[in-house]
Amino acid sequence: MLPASVKTQSEPQNFLSLSVKFLLILFLLIASMILSVKFGSVDVTVAEILNEINIMLSTGNPGDSSNSMILWQIRIPRTIFAALCGMGLSLCGMVLQTMTRNDLADPYVLGVSSGASTGAVIAIIWGWFMLFGEYNVSAGAFIGAAVSTFVVTMAAGRSSNPIRLVLVGMGVSALFSSLTMMIIYGAKHEAQVRSAMFWLLGSLSGIQWKDLLVIAITVVVMAAIVWAVRADLDLMLLGEGEAEYLGINMKRMQLFVIILSSAVVALLVSKAGIIGFVGLITPHMARAVCGPTHGKLVVFSSVIGALVMVWADVLSRALFAPEEIPIGVLTSIVGAPIFLWIVTHRYGEGQP
Numbered sequence: 000m001l002p003a004s005v006k007t008q009s010e011p012q013n014f015l016s017l018s019v020k021f022l023l024i025l026f027l028l029i030a031s032m033i034l035s036v037k038f039g040s041v042d043v044t045v046a047e048i049l050n051e052i053n054i055m056l057s058t059g060n061p062g063d064s065s066n067s068m069i070l071w072q073i074r075i076p077r078t079i080f081a082a083l084c085g086m087g088l089s090l091c092g093m094v095l096q097t098m099t100r101n102d103l104a105d106p107y108v109l110g111v112s113s114g115a116s117t118g119a120v121i122a123i124i125w126g127w128f129m130l131f132g133e134y135n136v137s138a139g140a141f142i143g144a145a146v147s148t149f150v151v152t153m154a155a156g157r158s159s160n161p162i163r164l165v166l167v168g169m170g171v172s173a174l175f176s177s178l179t180m181m182i183i184y185g186a187k188h189e190a191q192v193r194s195a196m197f198w199l200l201g202s203l204s205g206i207q208w209k210d211l212l213v214i215a216i217t218v219v220v221m222a223a224i225v226w227a228v229r230a231d232l233d234l235m236l237l238g239e240g241e242a243e244y245l246g247i248n249m250k251r252m253q254l255f256v257i258i259l260s261s262a263v264v265a266l267l268v269s270k271a272g273i274i275g276f277v278g279l280i281t282p283h284m285a286r287a288v289c290g291p292t293h294g295k296l297v298v299f300s301s302v303i304g305a306l307v308m309v310w311a312d313v314l315s316r317a318l319f320a321p322e323e324i325p326i327g328v329l330t331s332i333v334g335a336p337i338f339l340w341i342v343t344h345r346y347g348e349g350q351p
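In numbering that gives the first Met the number 0, the protein residues as written are 0 to 351.
Calculated from the structure, these hints are not laboratory results.
Beta carbons are placed, not taken as given, at the ideal position from N, Cα and C, and that holds for glycine.
A hint or two may mislead.
[As the list claims (entries may be wrong)] Subject to a maximum C-alpha distance of 35 Å in a straight line, what follows is the list of computed DSBU-like cross-link-like pairs (lysine-lysine):
#1 K20 to K295
#2 K250 to K295
#3 K20 to K37
#4 K37 to K209
#5 K37 to K295
#6 K187 to K209
#7 K20 to K187
#8 K209 to K295
[Said to hold, decoys possible] Simulated DEER-style distance windows between Cβ atoms:
#9 F131 to N53: 47 to 55 Å
#10 Y184 to S204: 23 to 31 Å
#11 L15 to G170: 43 to 51 Å
#12 L245 to L34: 27 to 35 Å
#13 A154 to W340: 21 to 29 Å
#14 A215 to F131: 15 to 23 Å
#15 A173 to S18: 38 to 46 Å
#16 I182 to L25: 36 to 44 Å
#17 R251 to Q72: 41 to 49 Å
#18 P336 to I54: 39 to 47 Å
#19 L339 to M249: 27 to 35 Å
#20 I29 to E189: 25 to 33 Å
#21 S40 to I224: 33 to 41 Å
#22 W340 to G238: 19 to 27 Å
Kindly generate the complete structure, drawing on both the sequences and the hints.
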């Protein structure tokens, strides 16, 4: 489980060691992103990729090579999108696990993603939320995510049993997934059904630069906000009573976490569909590298989440090339066994 207390008197992590680990992971991330951009039906060399990036940085315009459009309109935006999705989902999982003091919490398991998908499908098929213009799908996803998160929080109550929270989340997820399928089933146009079904399975294709800018700003702002409240998040690990005693307004912090995670998950779901278990796995990987304190965890969760998603995208395109596996299917295939392992090893043998 997440640590019940923050060991303020323990020996501090070696700064040099953490720096080396961070630089190594960052190097792997950059190398993986270059590999992701390189991979595809049209062969592009690493030298071409670096040359195109150099031209763009020097002139502000893409090069005139035959592969320039492929790189700048398809592969580079997609790879950046994968990294940003990983960062956002990892940070959302981290703050949800802290808020609930439950290492099984993540946007997918708790039904946040399913709620977001229901809101997004309502916007797509029924045409609701047109008040928000071209961002109506994102607005619908945010409302759905906020509603599902609120329902889970209220239904779970103050129970300290982590399994109860997961079961409530699974129930809410099943409810919203059923609503989503019912809405899709009632759609009048076959093209809408095909589009919605493929989108629900998760896809990073078709992302545009204008959408990427909004996503990048949102994820970076979230990381900055979480970094700013890192000390409060550390205190939340002590438990509700202790945190309140030390001056933390728990209701306000919980509302803050719900709104923040709902907004980010909604934006990502509205553009990529449902991508499961990334927010569950990557915070645990980060804790194994840097420990539980959020000052370090924000940084390592971000880069590890980005690395995992970039590789998930590469594998989704590579395993059955030229066919592409929906990325949500791939992350669920990998993430579900890890989820079961956490359940059996952390909460098995009669533990609560």
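Any of the earlier hints contradicted here, and which numbers?
7, 9, 12 and 20
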